[in-house]
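Please model the complete structure; the sequences and the hints are all you need to start from.
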Amino acid sequence: MSDYLWDKTGEPEEDVARLEQLLGTLRHEPRPFVLPADFSAQPARSTFRPQRQQQRPFGWQRRALAASLLLTLLAGAWLVVRLNQPEVRREAAEQKLVTPQTTNEQTPQKQIATVNGAHDQPAPKPAVTRDIERVNYQPAKHVSKRAGTKARRHTAQPVANQAQEQIANAKMTPEQKAATEQLLLALRIASAKYNYAQREVQELSAAHKPETR
Amino acid sequence: MKNYTLLKLLTLIICAAGAMTTHAQVRYPAQLQIDTLEPLAAKANQVVDVNLPESLLRLIPIDAIKINNDTDAKDTNTKELKQIIAGLKGVYVKNFEFINEGEYTDADIAPIRAQLKAPGWARFVNVINKREGRKIEVYLMTAPQGARVEGLAILAAEPKALTVVNIVGIIDIEKLSKLEGQFGIPELDIEADKPAEKKPAKSSPAVAPAALTKKP
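Line by line, the protein sequences are chains A and B. Each residue of the first sequence is one higher than the last, beginning at 18 in this note's numbering. Each residue of the second sequence is one higher than the last, beginning at 131 in this note's numbering.
Hint data in this document are derived by calculation from the structure and do not stem from the laboratory. As the structure is a computational prediction, the values presented were derived from the model and not from experiment. Accuracy of the hints is not assured; some may be wrong.
Unchecked claim - To be clear about the criterion: a stretch of chain A counts as covered by chain B if any three or more of its residues have a C-beta under 8 Å from a C-beta of chain B, and this derived list gives those stretches:
1. 191-197
2. 203-209
What the hints assert, rightly or not - Partial list, computed: chain A residues near chain B (C-beta under 7 Å):
3. L200
4. N212
5. A214
6. E217
Here a beta-carbon is modelled for each residue, glycine too, at the ideal position from N, C-alpha and C.
Following this line, the structure appears as C-alpha cells:
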C-alpha cells in the first residue's frame, strides 16, 4: 500500500486514480470574483419586498390623515382670523350684551336682572340700563356712629344717575355703553364688598386697642 | 427618507394645531370658574350676572370716560378709574338675592373655594359676622415675584344674598376701595344698622390675622 493518499508519493491505486479523474473536474480553481453583467441590488431587495405597497402599509390612510389634519389646520386658521375681525367681534359683543327681560313670564314675582345670563331670553338693548338700575342697592338709610369720617355718605341714586348720564352723553356705541355700565356695576359691587370687609377689620382692631394697652 | 418626511410633516401640523387651539382659549390663572353657581339663579329673587372677558373690556373706550363730579382740575379721580380699567383682563360678578334665608348652602360655594386653594391665591381678609350671619372673604392672587396683584376674588355670603366677584388683571386694591362713593359709583348700603347696645369689646376675632370673626 503506497502513501499516495497521505502525501501523494508513490503510485496510486487504480480505484484512487479513477476517482481522482472523475472528481477532478470539481476541483477548486482560484479566480477573481466577477459579478454577472445583469446583476443589480434592487431586484435582490425586491425578492424580500416584492411590492412597494408592502413596504409602506396604510399608505393611503396616512395620506388621508395628513389631508384631514391639514384641512383642520386651515379651518382653524380661518376661524381665528375671522373671529379676530373687528366686525365679528362687535357682533359677538352685541349678542352677549343684549339683556334678557322676559323672565317675568316664568317667574312673575321675581325680578331677575341678569345682564349676561345665558339662561334668559334676549331683550332690546335699552333694557340694559333699566335692569342695571333696578339692581341698585338701597340708598344709605343710616349713618353709623362709628363711621366717623365716613359720615359724608350720600344717597346712591343721584350719583348713579350722574354716572349713567355721563355714559349716555359720551360718544359710545350701544355695546360700548353697555359694557361700561356693566363694568361700573361690577366695580361698584366689588368695592362695596371689599370696603365692608375692611370696615369690619378696622372696627374690630379699634375695639381691641384698649384691651392691649 | 420619505417616511420620516411625512412623519415630520404630521408632527408639525399637530403642533401647529395645538398651538392655535391654545391661543384661542387664553385663560388667566386668576380667572375662576363661577358658572357652577348658575343653578342658584332659579331660586334667587334678583340676580346680577356681569361677565366681562377681555374681549368685551377692550370695547370700553377708556378715554371717553369722564367723571362729572370730578372737581379736581387734574381729573385725578378719572385718571385713577382709567388706570384701574386699563389693567383689567376680565371682570366677573355673580350676585344672588333671595327672599328667604337658607336658599343656598356651603356646598354651592365649595367648588369656588376649591379653586381659591390653588397656588397663587391667598386669603387676604376673612370677616365672619355671626350676629348678622355674614361672611366675607377677600382673596388676592399675586404675581410670582409678588410685586403686584394679578387677581382678586371676593366671596360674600349673607343670609339672603350671595356675591362672588372675580377680577382678573393688575389691580390696585387701594384704588378699588376708593371707588365706592366716588367716580359716580355710589356707596352701597351693605353696612346694616347695628344696635346701640352692641359691645364690640366682647367680639372675639379669630386668632389668625387674616380672619376676623364677630360674634353676637
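Cross-check of the supplied hints:
Requiring three or more residues with a Cβ within less than 8 Å of a Cβ of chain B, the coverage given for the segment 191-197 of chain A holds, as 4 such residues are present. By the rule of at least three residues with a Cβ nearer than 8 Å to a Cβ of chain B, the coverage given for the segment 203-209 of chain A holds, with 7 such residues. Given hint, A/L200 at the interface with chain B, holds; its Cβ is 6 Å from that chain's nearest Cβ, closer than 7 Å. For the restraint placing A/N212 at the interface with chain B, the shortest Cβ-Cβ distance is roughly 5 Å, inside the 7 Å limit, so the hint holds.
Contact between A/A214 and chain B, as hinted, is supported at the beta carbon level, the nearest pair being about 4 Å apart and thus within 7 Å. Nearest Cβ of chain B to the Cβ of A/E217: about 4 Å, under the 7 Å cut. The hint holds.
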